[in-house]
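Participant: If you want the building blocks of each chain, they are given just below.
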Amino acid sequence: MIRLFGIAAGVGFVIILLYSFTFGAINFIKEPPVKAVEYQFHKHPEKPGFAHEGVLGKFDRGQLQRGLKVYQEVCAACHSMELVAFRNFEDLGFTEGQVKTIAKNWATETPSINPDTGEASSRPSLASDQIPSPYLNDVQARAANNNALPPDLSLITKARHDGTNYVYSLLTGYTDPPSDLPEENRPGTGLYYNAYFANLNIAMAPPLNSEGQVTYDDGTKATVDQMAKDVSAFLTWTAEPKLEVRKSTGLGVIGFLIVFTILAYLSYQNIWADLKAQKRKD
Amino acid sequence: MSFPWAKQYTPENEFMKWMDSRLPLPRLIYNAVGAGYPVPRNLNYFWNFGVLAGVALVIQILTGVILAMHYAANVGVAFDSVEHIMRNVNSGWLLRYAHMNGASFFFIVVYIHIFRGLFYSSYKAPREMVWLLGLVIFLLMMATAFMGYVLPWGQMSFWGAKVITGLFSAIPLVGPALQEWLLGGFSPDNATLNRFFSLHFVLPFVIAGVIILHIWALHIPGSSNPTGIEIKGKQDTIPFHPYYTAKDGFGLGVFLIFFCILTFFMPNFLGHPDNYIPANELSTPAHIVPEWYFWPFYAILRAFTFDFFFIEAKLLGVIAMFGSILLLFFLPWLDKSPVRSGHYRPVFRKFFWFGLIPCILLLGYLGGAPAEEPYVMLSQLASAYYFAHFLIILPIISMTEKPKPLPNSITESVTGKPLDATA
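So the sequences go chain by chain: L and D. Sequential numbering of the first sequence, starting at 1, is according to the numbering used here. Sequential numbering of the second sequence, starting at 1, is according to the numbering used here.
Rather than coming from a laboratory, the hints here were simulated on the basis of the structure. There could be a bad hint or two in this list.
[As the list claims (entries may be wrong)] Listed next, the in silico DMTMM-like pairs over lysine to aspartate or glutamate satisfying Cα-Cα at most 20 Å (straight line):
(1) L:Lys279 / D:Asp420
(2) L:Lys242 / D:Asp80
(3) D:Lys7 / L:Asp274
(4) L:Lys242 / L:Glu82
(5) L:Lys35 / L:Glu184
(6) D:Lys314 / D:Glu373
(7) L:Lys35 / D:Glu372
(8) L:Lys247 / D:Glu83
(9) L:Lys276 / D:Asp420
(10) L:Lys100 / L:Glu82
(11) L:Lys221 / L:Glu73
(12) L:Lys35 / D:Glu373
(13) D:Lys417 / L:Asp274
(14) L:Lys279 / D:Glu412
(15) L:Lys35 / L:Glu183
(16) L:Lys30 / D:Glu372
[What the hints assert, rightly or not] So the derived label-pair ranges between C-beta atoms look like this:
(17) L:Ala77 / D:Thr284: 27 to 35 Å
(18) D:Thr284 / L:Glu53: 31 to 39 Å
(19) D:Arg349 / L:Thr22: 28 to 36 Å
(20) D:Glu372 / L:Lys276: 50 to 58 Å
(21) L:Glu46 / D:Asn88: 31 to 39 Å
(22) D:Val210 / L:Leu136: 48 to 56 Å
(23) D:Thr284 / L:Asp180: 25 to 33 Å
(24) L:Pro32 / D:Thr284: 24 to 32 Å
(25) D:Pro346 / L:His42: 48 to 56 Å
(26) D:Val174 / L:Ile262: 57 to 65 Å
(27) D:Thr284 / L:Lys58: 34 to 42 Å
(28) D:Ile357 / L:Ile262: 26 to 34 Å
Even for Gly, the Cβ is constructed at its ideal location relative to N, Cα and C.
This is chain L alone, in the form it adopts within the complex (with noise of 0.2 Å):
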């Protein structure tokens, strides 16, 4: 009985489901899907290389240090970093009194409360602070920009497929739209081609655009690939703190691990060999 209500509804799923087969099938011929124009000119991110890469990969402190350079002379201008606080800093390798100099010259200040009128004010930033956000709230942001709003930084590597790539990718694919581009996908008032962002059309103004916008401490010459690679390094520090930890705790796991397994492999052929003896050979 069981079977048969079975095979009854198998019959009406097999129906159902072929039937609207057979008409998507008589659609796809008669109008084949054309590929979406942003499928056609959008480019997957370029791979640069990064220390940071790879299982024994670390960062490279002096790069972060001119990522955050980068960052904070360009980027928060417009783009806040509310997940890290600026004593996250010493993990770059800067001294507290470095952390506690840098948070105290950042240019926006941290919002407070005056302590004798109580009115809405800012201060100086202490190492123990969050980065400060340039915008009060996400109104003023738009304001400011053309009603698009700079999404926050923190997680932004780990917020895109192959986020560090395509960071990097991004700051340096700005370029004039190709001459085959459909004149409805060229970039309108406002926004600039990229053909690494999803739409093709971002409302971001390249930022990172002429040698030496950066003046980098430690003599670094600062071309725009240099300081889009090192402030993709930096966004990756920022959205995964932890990376070299990971790795070096798993390399430490894993080898347990191993040597865990093989001596439990021996055990387990020890404890069966009176059983493996009585096996037929074939």
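Place chain D on chain L using the hints.
Facilitator: This is chain D only, laid out in the frame that chain L set:
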């Protein structure tokens, strides 16, 4: 225990004797997973996965309970509290990544465990109850995993919750009211997040309870084996401890190596980048996809694109998606072949390896692909095969197939010598 030759528990010292006559917990353990449980001697590595699933649940509960100490279930701070765990809590990144990937590995081992059951027909008499309870565990796992994915309150959390609870709105008459009741509002919001957190915390303990029933039901007939034939004598079995505890120890090591490679070196490989963007109900992601372990079912859901007579396509998809799991509950009665093991069923075996397995893998791929052609057409074909396999092909071949001759006994299949019934 139903085997007369099962080893009996004997307390070794005065304390254990005292304990045994008051609370015989050591005896229970001894009989459940100790030397007192006789197991077929010919189990292959596919029989490791039940224990591994148990370990995966323990990993999830341990990491989860500690994560819950630092997590805040409120839409205003949930996302930031997860990042607080990742950045400021001691080893918080490890707990969270282990919990995230632990869910995936729980599903990997459970899927292998289920496929073991399907190939060796472990669901057949007298083990129907083991199979049914296993499916209950699977459904509870799916509910728990879905609600856990909502907790970080990222974009996929929010939109996943919206899409999945939206399935209930397809039910005629009561649908929209039911969805509102499930969400505690018109859209996923604080009420939703709080109830999902509460249920996500409690359901794993319900799963643990059903696992106890699952193992209890298993111990009545005892474990099945790759030949699918009954245990005929003492020689056919070996005590669970030390033989299978040793083998499971090795299996556990291999499992943990794979688990740790993902957790420590590619922790976000199985996740979706959009879930690192805080939930925003004004911005819909380009492709809303659930976690990978739901992809086959998601593909079945989306395969229904045409209204059929008076039934809406959406409702058909929901019925089919739930039906694709519910039909497994009827498997013991759909497959009437007297032979259990797929090794001795030539036709069944071909349909299993060349039909069912590619079909499920294809459905998995299609469930993660965007909802456009040719993916939809392919998922219609694959879903049709899925239903045909379980509801039409399996009942028919179980009646018509001529099985290969079975070995006389488990012992003979292993040693080549006949079973000595007197031993």
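Participant: State for each hint whether it applies.
Facilitator: Evaluated hints:
Restraint check for Lys279 (chain L) and Asp420 (chain D): satisfied, since their Cα atoms lie roughly 15 Å apart, inside the 20 Å limit. Restraint check: the Cα-Cα separation between Lys242 (chain L) and Asp80 (chain D) comes to about 16 Å, which is no more than 20 Å; the hinted pair holds. The hinted pair formed by Lys7 (chain D) and Asp274 (chain L) meets the criterion: a straight-line CA distance of about 19 Å does not exceed 20 Å. Among the hinted pairs, Lys242 (chain L) with Glu82 (chain L) is consistent with the structure: their alpha-carbon atoms are about 17 Å apart, no more than 20 Å.
Restraint check for Lys35 (chain L) and Glu184 (chain L): satisfied, since their Cα atoms lie roughly 15 Å apart, inside the 20 Å limit. With a C-alpha separation of about 18 Å, the suggested pairing of Lys314 (chain D) with Glu373 (chain D) holds against the 20 Å cut-off. For the hint pairing Lys35 (chain L) with Glu372 (chain D), the CA-to-CA distance comes to about 10 Å; that is within 20 Å, so the pair holds. Note on Lys247 (chain L) and Glu83 (chain D): the hinted pairing holds, with a Cα-Cα distance of about 19 Å set against a maximum of 20 Å.
Between the alpha carbons of Lys276 (chain L) and Asp420 (chain D) the distance comes to roughly 18 Å, so the proposed pair stays at or under 20 Å and holds. A hinted pair counts as satisfied when its Cα atoms are at most 20 Å apart, and Lys100 (chain L) with Glu82 (chain L) qualifies at roughly 18 Å. Taking the CA atoms of Lys221 (chain L) and Glu73 (chain L), the gap is about 16 Å. The hint holds against a cut of 20 Å. Under the criterion of a C-alpha separation no larger than 20 Å, the hint pairing Lys35 (chain L) with Glu373 (chain D) is consistent with the structure, at around 10 Å.
With a C-alpha separation of about 16 Å, the suggested pair Lys417 (chain D) and Asp274 (chain L) falls inside the 20 Å cut-off, and the hint holds. For the proposed pair Lys279 (chain L) and Glu412 (chain D), the alpha carbon gap of about 10 Å is at most 20 Å, so the pair holds. This hinted pair checks out: Lys35 (chain L) and Glu183 (chain L) have alpha carbons roughly 16 Å apart, not beyond 20 Å. Proposed proximity of Lys30 (chain L) and Glu372 (chain D) is supported: the alpha carbons are some 16 Å apart, at most 20 Å.
Separated by about 29 Å at the C-beta atoms, Ala77 (chain L) and Thr284 (chain D) satisfy the suggested range of 27 to 35 Å. Under the hint 31 to 39 Å, the C-beta atoms of Thr284 (chain D) and Glu53 (chain L), about 33 Å apart, fit the expected range. The hint said 28 to 36 Å for the Cβ distance between Arg349 (chain D) and Thr22 (chain L), and at roughly 31 Å that hint holds. The supplied range of 50 to 58 Å is met by Glu372 (chain D) and Lys276 (chain L), whose beta-carbon atoms lie about 54 Å from each other.
Between Glu46 (chain L) and Asn88 (chain D) the beta carbon distance is about 34 Å. The supplied range of 31 to 39 Å therefore holds. Separation of Val210 (chain D) from Leu136 (chain L) is about 52 Å and conforms to the stated range, judged on CB atoms against 48 to 56 Å. Under the hint 25 to 33 Å, the C-beta atoms of Thr284 (chain D) and Asp180 (chain L), about 30 Å apart, fit the expected range. At about 27 Å, the CB distance of Pro32 (chain L) to Thr284 (chain D) agrees with the hint of 24 to 32 Å.
Pro346 (chain D) and His42 (chain L) have their C-beta atoms about 49 Å apart, which keeps the hinted 48 to 56 Å range intact. Distance hint check for Val174 (chain D) and Ile262 (chain L): the Cβ-Cβ separation is about 58 Å, which falls inside the suggested range of 57 to 65 Å. A beta carbon spacing of about 39 Å between Thr284 (chain D) and Lys58 (chain L) agrees with the range 34 to 42 Å that was offered as a hint. Distance hint for Ile357 (chain D) and Ile262 (chain L): a CB-CB separation of about 32 Å, consistent with the stated range 26 to 34 Å.
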